[in-house]
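Generate coordinates for the entire structure from the input sequences, incorporating the hints supplied.
If you want my numbering, it's the position in the sequence shown, counting the first as 1, plus 47.
Bear in mind the hints are in silico, worked out from the structure with no lab data behind them. Any given hint could turn out to be false.
DSBU-like, lysine-lysine: derived pairs with alpha carbons at most 30 Å apart [said to hold, decoys possible]: (1) Lys165 x Lys138; (2) Lys165 x Lys120; (3) Lys138 x Lys83; (4) Lys120 x Lys138.
Pairwise CB distance ranges (calculated) [as the list claims (entries may be wrong)]: (5) Asp92 x Met160: 31 to 39 Å; (6) Glu84 x Arg145: 35 to 43 Å; (7) Asn89 x Ile139: 21 to 29 Å; (8) Lys83 x Pro149: 41 to 49 Å; (9) Arg62 x Lys138: 14 to 22 Å; (10) Asp92 x Glu162: 36 to 44 Å; (11) Pro114 x Pro94: 29 to 37 Å; (12) Trp82 x Gly112: 35 to 43 Å; (13) Val166 x Val86: 39 to 47 Å.
Note that the Cβ used here is the ideal one computed from N, Cα and C, for glycine as well.
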Amino acid sequence: RHRDNRRFFMFRSFRTAFLLLLALSVTGLANAAEWKEGVHYNRLDNPVRTDSDSGVEVAEVFWYGCPHCYRFKPLVEEWAANAPDYVNYVKIPAALGRNWEPHAYAFYALEAMGELDKVHDALFDAL
Numbered sequence: 048r049h050r051d052n053r054r055f056f057m058f059r060s061f062r063t064a065f066l067l068l069l070a071l072s073v074t075g076l077a078n079a080a081e082w083k084e085g086v087h088y089n090r091l092d093n094p095v096r097t098d099s100d101s102g103v104e105v106a107e108v109f110w111y112g113c114p115h116c117y118r119f120k121p122l123v124e125e126w127a128a129n130a131p132d133y134v135n136y137v138k139i140p141a142a143l144g145r146n147w148e149p150h151a152y153a154f155y156a157l158e159a160m161g162e163l164d165k166v167h168d169a170l171f172d173a174l
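Structure, rendered in structure tokens:
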């Protein structure tokens with residue numbers, strides 16, 4: 048039962064992320080001048096740390112063993128390739144359990160070695 052709850056939560060999280068990205072791609076990106084603080088968004092008292100101090104960070108949280116992530120990967124990669132210059136797209140491996148940790152370790156090790164781009168697709172295909 049616990050495993051079913053985790054699967055349901057994971058499915059719901061990925062579904063929400065997919066629908067959000069779909070909504071953004073369908074409606075188009077609004078001009079920054081149209082967005083007003085306090086109306087369309089609120090500034091955080093304690094901002095979340097991101098990889099860059101400028102632009103908007105969009106983070107893809109994934110697991111190499113997730114079939115939904117595998118199917119979503121080409122869609123998000125196409126979106127990232129066509130995203131505006133102010134968008135900083137980053138990948139974050141999920142480690143929601145001990146059996147997920149080796150995949151996250153592999154991601155960060157390959158990233159540190161500068162080999163991630165060569166092996167990322169192969170890991171998804173293999174796992």
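Exercise. Could you grab the alpha-carbon distance between Lys138 and Lys83 and see if it respects the 30 Å cut-off?
Key: Since the Cα atoms of Lys138 and Lys83 sit roughly 28 Å apart, the hinted pair holds (cutoff 30 Å).
Quiz item: Between Pro114 and Pro94, is the Cβ distance one that fits in 29 to 37 Å?
Solution: 34 Å, holds
Exercise. Go ahead and decide if the range 35 to 43 Å is satisfied by the Cβ distance of Trp82 to Gly112.
Key: At roughly 37 Å between Cβ atoms, Gly112 and Trp82 fall inside 35 to 43 Å, so the hint holds.
Exercise. Using the Cβ atoms, figure out if Asp92 sits within 36 to 44 Å of Glu162.
Key: 39 Å, holds
Exercise. Please work out if Lys120 and Lys138 have their alpha carbons no farther apart than 30 Å.
Key: 11 Å, holds
Exercise. Given the range 31 to 39 Å, decide if the beta-carbon distance of Asp92 to Met160 lies inside it.
Key: 38 Å, holds
Exercise. Sort out whether Lys120 lies within 30 Å of Lys165, counting only the CA atoms.
Key: 15 Å, holds
Self-check item: Given pair status - Lys138, Lys165, alpha carbons within 30 Å
Solution: Holds, because 15 Å separates the two Cα atoms, which is no more than 30 Å.
Quiz prompt | 14 to 22 Å as the expected CB spacing between Lys138 and Arg62, which holds or is violated | solution = 19 Å, holds
Quiz item: Range hint 41 to 49 Å: satisfied by the CB atoms of Lys83 and Pro149?
Solution: Holds, since Lys83 and Pro149 (Cβ atoms, about 45 Å apart) stay within the stated range.
Quiz prompt | Asn89 paired with Ile139, Cβ distance criterion 21 to 29 Å | solution = 23 Å, holds
Quiz prompt | Consistency of beta-carbon spacing, Val86 to Val166, with hint 39 to 47 Å | solution = 44 Å, holds
Taken one by one, the earlier hints all hold for this structure without exception.
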